[in-house]
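**Q** Heads up: the protein sequence lines correspond to chains A and B, in order. Under numbering that gives the first Met the number 0, the letters of the first sequence match residues 0 to 96, in that order. Under numbering that gives the first Met the number 0, the letters of the second sequence match residues 0 to 478, in that order.
Heads up, some of the hints might be wrong.
[Unchecked claim] Distance condition first, Cα-Cα at most 20 Å in a straight line; then the derived DMTMM-like pairs of lysine to aspartate or glutamate:
1. K86(B) with E341(B)
2. K83(A) with D317(B)
3. K60(A) with D234(B)
[Claimed, not checked] Non-contacting residues of chain B with respect to chain A, defined by C-beta distances greater than 12 Å in every case (computed):
4. T6
5. A15
6. V45
7. D46
8. T101
9. E220
10. P227
11. P238
12. H245
13. P266
14. S290
15. H375
16. E379
17. T457
18. T469
These are calculated hints, taken from the structure and not from any lab test. The beta carbon of each residue, even a glycine, is placed where N, CA and C say it ideally should be.
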Amino acid sequence: MADTASDRIDVTYVADLARLRLSPEEIATFQKQLGDVLGYVSQLTEVDVSHVSLLGDADLKNRLRADVLQPSLPVTEALSNAPKQDNNLFVVPKMVE
Amino acid sequence: MDSISLTIPELRQKLASGALRSREVIDQLASRIEAVDPKLKAYLHVDADKARAEADAADVSLPLGGVPIAIKDVINVKGDPCTCASKILEGYVSPYDATVITKLREAGAVFLGRTNMDEFAMGSSTENSSWGTTRNPWDLDRIPGGSSGGSAAAVGGHEAFAALGTDTGGSIRQPAALCSCVGLKPTYGRVSRYGLVAFASSLDQIGTFTKTVEEAALLLEVIAGHDPRDNTSIDRPVPKYTHSLHQGVKGLRLGVPKEYFIEGIDPEVEKAVRDAIEEYKRQGAEIVEVSLPHTQYAVAVYYIIATAECSANLARFDGVRYGKRTQNPKDILDMYGRTRAEGFGAEVKRRIILGTYVLSSGYYDAYYNRAQKVRHMIAEDFRLAFEQCDALLTPTSPTPAFKIGERTADPLQMYLADIFTIAVNLAGICGVSIPCGFTGNKLPIGLQIIGPKWGEETMLRVAHAYEQATPWHKEKPPI
Chain A
0 MADTASDRID VTYVADLARL RLSPEEIATF QKQLGDVLGY VSQLTEVDVS HVSLLGDADL
60 KNRLRADVLQ PSLPVTEALS NAPKQDNNLF VVPKMVE
Chain B
0 MDSISLTIPE LRQKLASGAL RSREVIDQLA SRIEAVDPKL KAYLHVDADK ARAEADAADV
60 SLPLGGVPIA IKDVINVKGD PCTCASKILE GYVSPYDATV ITKLREAGAV FLGRTNMDEF
120 AMGSSTENSS WGTTRNPWDL DRIPGGSSGG SAAAVGGHEA FAALGTDTGG SIRQPAALCS
180 CVGLKPTYGR VSRYGLVAFA SSLDQIGTFT KTVEEAALLL EVIAGHDPRD NTSIDRPVPK
240 YTHSLHQGVK GLRLGVPKEY FIEGIDPEVE KAVRDAIEEY KRQGAEIVEV SLPHTQYAVA
300 VYYIIATAEC SANLARFDGV RYGKRTQNPK DILDMYGRTR AEGFGAEVKR RIILGTYVLS
360 SGYYDAYYNR AQKVRHMIAE DFRLAFEQCD ALLTPTSPTP AFKIGERTAD PLQMYLADIF
420 TIAVNLAGIC GVSIPCGFTG NKLPIGLQII GPKWGEETML RVAHAYEQAT PWHKEKPPI
């Protein structure tokens, strides 16, 4: 697990994956704080997990229901908190030229 | 007569007999909030006029007819704001009721206000609220706990009869302990989460804050049950929790996990919990020592799984469908990046980054998959322990309420506040914190009682037996 220098979290890269634009001050602070947290969680490497399956012993089954049409939120209410809307649609900046 | 310190059964009796009208209850509570909340800051939003109208229409013959319940600002109530104490949801108005709200309405409850919390329920002190920190009603210089600190301070500070909160790693039980109220986290799947803003979906559960165990049982009867709109809620009969409360603990086996009495626990907390264990012995319970050998890994497992799930759940806050959108975005990526940077506070950003990292290519196996496996081992520890006993007794929090600002610079120190509550969420079982004394400085101490899956009946019975024999829950805060 990642507690060596080479494995250390690259906050700039991860923030970009998470669509979070951080300030240089935030990046520096988080780099230190998250380094501490990752150091703490690295204690999990001590645990022998070789006999445990990823899903555990849980008796997991799909729980299905009948596919019946039911009333849902009216369009006007679904749009009631939209930052920008037009013609019953959410409006966002242009994505393709 | 002033109604604000009554329990819900006492209040119902007065409402049913006509000695008190529902509207008067709202008036008295609203004046209390007006007088006290500028100091406590438990509420983010109070709408007394709406509550009066609901109270006038309430059928007092119903189980909660005319009883006002405060709601954590993470659960949708139609027509009310729901900000999750985050700037990213400033101005949001819920277009629908959560299922727990529908159930409370059907039982006659009315809604007076929304309580403060750590942003998106991430925190242990309510200091991560974007709207300011809630104060502890027992000492205004101290935190009320978190993340449901507003609900705990409202009930502990006699600004609410009861409140709903949510518990992902201790966010009901820990603040309940620190504010001297009863905080119940039901079994995963016991209560529908439809209409709850999700933080960590394999851990989140809605529960209650009350002054007494009987009220917790009463509220759980109302809010529990299967909901076709939440496929993680389980279709199992809901017992009459209030009916089995009085059976006592004679003949029950109560386990004391040795890993919960560790170095670093406050000596006054340890003494109060040990005294509570003696009280159970006196009442005829058999006390057995048990071991939960993977306890020490719970916090590490939690901060991998909870952050992984939050990074996915909070992806929905992108400025498209609701909430804040940044000004004049130049393209869609600029809109996402700046909306989220401006809308989220520091702790939420930290957790999104950590969660994104532990799920990212190359690290997934080492962090997330390993944490899932250790989580199964923690659940197995509890399963084996419950073969030897009916419920477990532990401290709820290793320390009493700490000072505001004391831990904000060190997230890891803050995370350790949940060391005794987190494993219960990882295992999907139930827990309740009840008052079990005070420190020399008159800060509340909580006893945690843990039950197996679907073990709420026995767990609440155990809690009630102690409560009835002790004076702690009757003490009133100085505020």
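**Q** It remains to establish, for every hint, whether it holds in the given structure.
**A** Hints, one by one, checked against the model:
no.	hint	result
1	K86(B) with E341(B)	8 Å, holds
2	K83(A) with D317(B)	13 Å, holds
3	K60(A) with D234(B)	14 Å, holds
4	T6	37 Å, holds
5	A15	35 Å, holds
6	V45	21 Å, holds
7	D46	18 Å, holds
8	T101	14 Å, holds
9	E220	24 Å, holds
10	P227	6 Å, violated
11	P238	22 Å, holds
12	H245	35 Å, holds
13	P266	25 Å, holds
14	S290	16 Å, holds
15	H375	3 Å, violated
16	E379	8 Å, violated
17	T457	23 Å, holds
18	T469	37 Å, holds
Hints 10, 15 and 16 from the list above are not met by this structure, while the remaining hints are.
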